[in-house]
Amino acid sequence: MLREAEEAAILSQQIVNGLMLGSIYAMVAVALTLSIGVLKFLNFSIPGLFMIGGMTTWALIRAGTPWPLAVGGALMIGAAASLVVERFTWRWMRMAEHFVPLVSSMAFLLLFEHLAVVHWGSELRTLPALFGNADWRVAGLIISLPQLVGLISSIALIWALTLLLARSRVGRGLRTIAEDSDTALLLGVDINRIVPVVFLVSGLFAALAGVVFALNYRQVHPFMGEVVGLKGISAMIVGGMGNIWGSIVGGLIIGLVEVMSIGYFGADVVDIAVYGLLLFILFVRPTGLFTGSLVGQARV
Amino acid sequence: MTAAAAILCFEAVSKHFGGLRVIEDLTFAVRPGTRTALIGPNGAGQTTVFNLITGVYPVDTGRIRLDGADITDSPSRRRIGHGVARSFQNIRLMPHLSTLENVMVGQHCRNKGIGGVLQPVNLIPRNRWRTEARAALAEAGLGDYERATVGSLPYGVQKRIELVRALMARPRLLLLDEPAAGLNPAETEALQMQLERICAGGDLTLLVVEHDMHFIGALCEEVIVLDFGRKIAEGTPGEIRRNTLVQETYLGAPAAAPMEPHGAARSA
Amino acid sequence: MSGYLEGILVLLAVNVVFAYGGFLPLAAGQLNLGLAGFAAIGAYASAYLSNVFKLSPLIAIPSAGIIAGLVALAVAVPVLRTRGIYLALATFALGQIVQAIILNLEIVGGAAGYPVAAFIRFPTIAAVAVIVVLLVWLLFGTRFGIAVTAVHDDERVADLMGIDVRAFQIAAFALGSAIAGVGGGLYAHHFSFIEAQYFNISLSITIVLYVLLGGTQTVLGPLLGAAVFTLLPEVLRASANWRYVVFAAALIVIMALRPEGLVTGAQLRRLFGWHRGGPGEAGVDAAKERA
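Protein chains in written order, with the working numbering: chain L, 1 to 300; chain D, 1 to 268; chain A, 1 to 291.
Each hint should be verified, as a subset may be incorrect.
Below, in silico cross-link-like pairs of lysine to any residue (SDA-like), each with a Cα-Cα straight-line distance of 20 Å or less [what the hints assert, rightly or not]:
#1 L:K40 / A:T142
#2 D:K231 / D:K112
#3 D:K112 / A:F140
#4 L:K40 / A:F140
#5 D:K112 / A:D164
#6 L:K40 / A:D164
#7 L:K40 / A:I85
#8 D:K112 / A:G84
Over the 10 Å line for every Cβ pair with chain A, so calculated as not near, a few chain D residues [stated by the list, open to error]:
#9 A12
#10 V59
#11 D70
#12 D73
#13 E101
#14 Q119
#15 D212
Hints listed in this document are in silico derivations from the structure and should not be mistaken for laboratory results.
For clarity, every value in this text was computed on a predicted model and none was experimentally measured.
Using N, Cα and C, we set each Cβ at its ideal position, and we do this for glycine too.
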């Protein structure tokens with residue numbers, strides 16, 4: 001009896017941890033999916049923006065900035081970096097090969113990572129424990145303050161995004177472009193004004209994911225974007241490219257799969273499980289779990 | 001004409017896209033060695049017919065026979081091997097291949113198997129495939145363009161290169177999709193003469209989709225008229241010109257556009 | 001030859017081999033982001049064959065390349081049913097899985113890495129690189145080169161012309177992976193120690209980037225791309241990490257200004273036109289004037 005209760009408690013805690021990790025993957029996935037859905041462009045620089053969010057947070061805190069300001073600063077720098085990417089992948093691009101913007105974004109990933117190494121070195125860096133033992137205990141589950149902050153901010157940002165897409169003029173423009181860019185042009189949607197918005201928003205999501213990761217797991221390094229970014233890409237595919245709700249669900253699934261497989265099979269098998277799931281989906285149902293346009297009517 | 005005698009046979013073919021019936025119970029036959037036109041108002045389904053013949057779309061009902069063989073279920077890449085080649089309405093040459101290499105693509109279906117793939121066509125200058133392609137270009141008056149990047153060439157030249165490419169497959173049936181579109185009168189006349197020259201032997205059958213009635217009248221012996229995916233008339237250009245149903249279909253099109261019977265002297 | 005110079009030249013040779021591994025699928029219009037995974041298969045297979053079965057590297061390395069090619073073949077059929085972005089992502093997932101599996105294979109050292117006993121020097125490596133370049137050049141001089149470029153340019157029309165598009169894509173993918181495997185083997189037997197962490201997505205991306213830098217339209221492009229990537233930072237005396245910064249920045253600018261890369265087909269034809277007979281581009285201008 002007690003054993004069952006123990007196992008149930010462990011399972012629940014794992015689910016909580018999985019959802020926390022999953023929300024980080026979800027935000028990266030949303031950043032990617034916005035780009036693909038609206039611009040048909042797989043933005044490989046997003047893992048780099050994730051890293052910028054995380055490492056800038058660490059750097060600012062190390063320099064003595066109070067954490068809310070550090071977070072704000074990291075978000076602003078991440079957004080700025082995203083706009084630089086926009087200028088050099090989207091604006092100047094001549095589409096000789098269909099994957100030119102993809103390639104430029106990969107170059108930006110390399111650029112960001114190695115600039116970070118040049119500036120900060122390639123070692124793993126640790127953040128100090130900022131919140132002491134301020135845990136939130138509910139129904140036998142432990143949710144730490146950073147986890148809570150992360151959860152609330154992801155939910156808030158995603159909610160803001162869906163509002164933006166559903167209610168505002170910019171949002172309508174985004175959705176129209178996502179459906180059909182030719183029609184969008186005919187309807188007078190100014191693509192040149194909308195595109196930076198996409199980059200800005202996806203940059204914010206990526207940077208915030210990095211910030212939350214840094215505050216929660218307290219470890220950053222210049223290549224941190226790679227693994228998380230790739231899991232974010234997996235989440236996006238699993239959920240359905242170009243579908244925001246799909247990305248969220250995909251991210252949560254991946255997070256859960258990861259935590260569960262560590263729990264039951266050990267840390268070694270984690271990556272195989274996650275990427276195996278990704279390959280399986282790509283072979284069997286490449287469009288992902290959800291189809292449909294940007295603001296997911298989560299049609300399956 | 002029996003099905004066996006025809007080079008191309010459509011038997012009650014239908015094709016729809018979603019709710020739209022593009023081709024409706026279409027039956028026609030093309031006699032071998034002829035130059036046949038497929039005409040109709042825009043959207044009547046001519047290009048769809050070409051796409052059905054080449055296998056880009058599968059038919060919904062009906063059969064297609066090419067030179068007696070039922071090709072209805074044959075995959076698209078095998079159809080050129082059955083003897084049908086086509087040119088395209090919007091020129092579709094390979095931008096990263098030179099003119100000569102583009103033409104050599106047409107020979108691919110005659111190079112079977114791994115041995116065919118490994119033919120050292122670009123390594124050995126006197127290679128027979130290369131020589132054949134160069135000769136074909138020279139004969140079409142395009143020899144100077146051999147090494148050129150196709151995208152930089154004039155429109156009319158590109159069209160002629162595409163034609164040479166299609167001929168490299170040694171087809172029995174050649175589908176031409178608006179071959180005269182975008183050509184000036186001099187180029188159109190040159191095209192007509194080139195087509196008559198290549199058909200002279202009687203081995204090649206032409207099926208031409210065109211809107212230029214002058215061109216059709218001068219070149220073609222047979223005309224098949226489509227409207228809304230159905231055949232509404234067929235006959236010689238003269239008969240078609242006199243056909244009242246066709247005239248109604250084309251109401252508004254210049255009825256004065258004379259379609260001289262084939263062979264009428266292009267005097268002076 | 002000084003040790004430093006030899007080191008640079010070895011790196012150049014290995015990068016050249018990797019470049020042709022990336023070139024094959026790109027020439028057919030596919031992006032293989034799992035290249036590093038196939039390089040890893042080659043590296044570990046070759047190391048294992050020579051460590052355990054005492055095979056000479058001259059046998060182990062080509063064998064490892066074949067093994068990598070066979071794995072690619074097995075995976076290619078389902079993977080190449082996907083298209084475009086999906087294909088790039090499937091290949092990246094593949095590369096990650098390979099890396100993860102190797103990390104867990106204790107028999108080859110797992111996360112601690114795997115020492116390689118047999119050692120090869122620069123002349124051997126250079127010879128292998130030269131052979132690879134030669135073989136690819138010969139292959140692209142056959143109808144294979146024309147067909148693959150046709151597939152790259154216009155799949156629909158290539159198919160209608162009788163070209164088996166899937167078959168060529170699979171062939172290019174498998175051959176490229178095999179070549180990447182050979183590159184991995186060369187790397188393993190010279191640096192005498194390999195670890196899974198080296199064969200990561202960054203490596204795949206870097207290879208793809210310098211292939212695209214050189215240009216995928218001609219067989220010379222990858223050679224140039226690998227050369228620029230390896231040698232330019234030496235010329236600029238850049239440290240290891242500034243090398244990547246410089247490279248990435250250069251690539252961004254080049255993609256914006258000249259996405260075809262440094263060497264294009266048209267250029268090459270202009271350059272060598274007079275070697276092969278025929279008036280070449282000069283003839284075009286003359287013809288235009290006549291018309």
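Taking the hints in turn, this is what the structure says about them:
Annotation: proposed proximity of K40 of chain L to T142 of chain A is violated, straight-line Cα distance about 36 Å (limit 20 Å). Between K231 of chain D and K112 of chain D, the direct Cα distance comes to roughly 38 Å. Violation of the 20 Å bound is thereby established for this hinted pair. For the given pair, K112 of chain D sits about 18 Å from F140 of chain A by alpha-carbon distance, which is consistent with the 20 Å threshold. A C-alpha spacing of about 32 Å is found between K40 of chain L and F140 of chain A, which places the hinted pair above 20 Å, so the restraint is violated.
The straight-line distance between the Cα atoms of K112 of chain D and D164 of chain A is roughly 11 Å, inside the 20 Å bound, and the hint therefore holds. A C-alpha spacing of about 28 Å is found between K40 of chain L and D164 of chain A, which places the hinted pair above 20 Å, so the restraint is violated. Simply put, K40 of chain L and I85 of chain A have alpha-carbon atoms about 10 Å apart, close enough for the 20 Å limit, and the pair holds. The straight-line distance between the Cα atoms of K112 of chain D and G84 of chain A is roughly 29 Å, outside the 20 Å bound, and the hint therefore fails.
No beta-carbon of chain A is positioned within 10 Å of the beta-carbon of A12 of chain D; the least distance is around 25 Å. At roughly 17 Å, the least C-beta separation between V59 of chain D and chain A is larger than 10 Å, which holds for a residue marked as non-interface. Distance check for D70 of chain D against chain A: the nearest CB is about 19 Å away, which clears 10 Å, and the non-interface claim stands. Separation of D73 of chain D from chain A is adequate, the least Cβ-Cβ distance of about 16 Å exceeding the 10 Å criterion.
A Cβ of chain A approaches the Cβ of E101 of chain D within 10 Å, the least distance being about 5 Å, so the stated non-interface status is violated. Non-interface status of Q119 of chain D relative to chain A is broken: a Cβ of that chain comes within 10 Å, the nearest being about 5 Å off. For D212 of chain D, the condition that its CB be more than 10 Å from all CB atoms of chain A holds, with the nearest at approximately 22 Å.
Taken one by one, the earlier hints fail for this structure at numbers 1, 2, 4, 6, 8, 13, 14, listed in ascending order.
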